[in-house]
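Between the sequences and the hints, there should be enough to build the whole structure, so can you do that?
First to last, the sequence lines map onto chains A and B.
Numbered per this note's numbering, the first sequence spans residues 54 to 311.
Numbered per this note's numbering, the second sequence spans residues 269 to 400.
FYI, nobody ran anything at the bench for these hints, they're computed from the structure.
Hints are supplied without guarantee of correctness; some may be wrong.
Okay, the calculated bits of chain B under chain A, using three or more residues with CB under 8 Å as the criterion [to be verified]:
#	stretch
1	302 to 310
2	329 to 338
Each pair of labels, with its calculated beta carbon distance range [what the hints assert, rightly or not]:
#	chain 1	residue 1	chain 2	residue 2	range
3	A	Gly-125	B	Glu-301	47 to 57 Å
4	A	Arg-165	B	Asp-298	51 to 61 Å
5	B	Glu-323	A	Asp-93	31 to 41 Å
6	A	Arg-220	B	Arg-367	47 to 57 Å
Where a beta carbon is used, it is the ideal one built from N, C-alpha and C, also for glycine.
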Amino acid sequence: MRRALAAALVALAIAPAAARAGGDEASPWPDSGSAAAQLDAVRTVVRDLEREVAQMRWSATRYADWEACLHGVPVSEYGDPDRQFGYLYDERDGTGVGRMPALAVDHTSRPRREDYLFLDFARDGSCRSNAPMPGGTAEPASVGRALATAARARPNTLRGLERRVVRLKRAAVRLEAASERFDAWESCVSWVPVTEYGDPDGGFGYLFWPAGPAAQVYRSALAVDRSDWDDPDYFFLAFVGGDRPGRGCQDEPGEAVD
Amino acid sequence: MRALLTTVIACAAVLLAAPQAIAEPASIPDRIEEVQQELDSLIEDVEDLKEPVNEFELFEECMYLIGVSEPGRGGAPLGSGFGFGTHGAKRSALALDVRGFGTPAYQFLAFPGEEPPSIECNEDAGQEDIDD
Numbered sequence: 054m055r056r057a058l059a060a061a062l063v064a065l066a067i068a069p070a071a072a073r074a075g076g077d078e079a080s081p082w083p084d085s086g087s088a089a090a091q092l093d094a095v096r097t098v099v100r101d102l103e104r105e106v107a108q109m110r111w112s113a114t115r116y117a118d119w120e121a122c123l124h125g126v127p128v129s130e131y132g133d134p135d136r137q138f139g140y141l142y143d144e145r146d147g148t149g150v151g152r153m154p155a156l157a158v159d160h161t162s163r164p165r166r167e168d169y170l171f172l173d174f175a176r177d178g179s180c181r182s183n184a185p186m187p188g189g190t191a192e193p194a195s196v197g198r199a200l201a202t203a204a205r206a207r208p209n210t211l212r213g214l215e216r217r218v219v220r221l222k223r224a225a226v227r228l229e230a231a232s233e234r235f236d237a238w239e240s241c242v243s244w245v246p247v248t249e250y251g252d253p254d255g256g257f258g259y260l261f262w263p264a265g266p267a268a269q270v271y272r273s274a275l276a277v278d279r280s281d282w283d284d285p286d287y288f289f290l291a292f293v294g295g296d297r298p299g300r301g302c303q304d305e306p307g308e309a310v311d
Numbered sequence: 269m270r271a272l273l274t275t276v277i278a279c280a281a282v283l284l285a286a287p288q289a290i291a292e293p294a295s296i297p298d299r300i301e302e303v304q305q306e307l308d309s310l311i312e313d314v315e316d317l318k319e320p321v322n323e324f325e326l327f328e329e330c331m332y333l334i335g336v337s338e339p340g341r342g343g344a345p346l347g348s349g350f351g352f353g354t355h356g357a358k359r360s361a362l363a364l365d366v367r368g369f370g371t372p373a374y375q376f377l378a379f380p381g382e383e384p385p386s387i388e389c390n391e392d393a394g395q396e397d398i399d400d
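Structure (structure tokens):
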């Protein structure tokens, strides 16, 4: 009984402190303290926010860079998915030459009348170094370190902190605009399931005639993958059916097309 | 004379009122409190920005450039091309161009077929793209 009472008293003694800590946990500002203590807290928060915003700005800049390197290539599917007509295709399994659809650059349709607008990444100029980096990069971390070094040199007076807050607010507005632009772009992009059909080594596949008098060979080509039993080789990113960012899109964000 | 007197009175009134119209500079604690309020709002804004910015980072980490060319472009009688239709026509088609030593005509944006971007495709962070 005495032990239970002691435990209850200990709990009562701890409770206010715990409640206080829990209640103000979300606020970075001291409950009380001198102006110097409050200013210290402001410095810490400004420095942390600057680091976070710098990393986000790095990502936003990368998006802006590679967005400028993208251009659309009109692509359509030629041939019948039911294989009644289309490209000549031979599995060389004794069934003979049949028909297969395939994808080709659409040189004839009017703009926005093509089946898909595939997204080609330019290789010239600065685009070579702006290419996407599968697997990510360690750059944001180095950005954070560089900023931390720079932040140490920034004015920590109240006036200086006020100016840094104004700059942070401007940066946040710009970041929001960039994220909205990416969202509009991403919401409009569809994933087209594409597989390479035919043997890349020429054992079977689409019938191809090289230039000149050379004999017909077998080549592989790309077609929309409508099979239910296996994954496609890739999902190509495309605007489908005349969709364009900012002008209304027919499909749900990131929808696969089949 | 009356006009001069009126002007003098008006000027005096302005001069007397002016010191009261100018706001007193905020005290240090007030300024700190104002900065803290602005930072509270900024903390929320930055928190809200994390998700959309992360979406782009994930998108970029999961995306590949796939080299593609267009063999058979040009349908002249003796030109190259894939057989199409029933009358011996030839036409071009898109084909992967990731194995040769030449430069593919296009670098299309793509995701790997078995790994849509909603899955953790960035778990191999740091690996280089070997498809192109």
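A quick look at each hint next to the structure:
Check on the stretch 302 to 310 of chain B: 6 of its residues sit with their Cβ under 8 Å from a Cβ of chain A, so the three-residue criterion for coverage holds. With 8 residues bearing a CB less than 8 Å from a CB of chain A, the stretch 329 to 338 of chain B meets the requirement of three and the coverage assertion stands. Between Gly-125 (chain A) and Glu-301 (chain B) the CB atoms are about 52 Å apart, so this pair conforms to the stated range of 47 to 57 Å. Restraint check, Arg-165 (chain A) to Asp-298 (chain B): a C-beta distance of roughly 58 Å satisfies the suggested window 51 to 61 Å.
For Glu-323 (chain B) and Asp-93 (chain A), the Cβ-Cβ distance of about 35 Å falls inside the hinted range of 31 to 41 Å, so the restraint holds. For Arg-220 (chain A) and Arg-367 (chain B), the hinted distance range of 47 to 57 Å is satisfied, since their beta carbons lie about 50 Å from each other.
Checked against the numbered hints listed earlier, the structure breaks none of them; every hint is satisfied.
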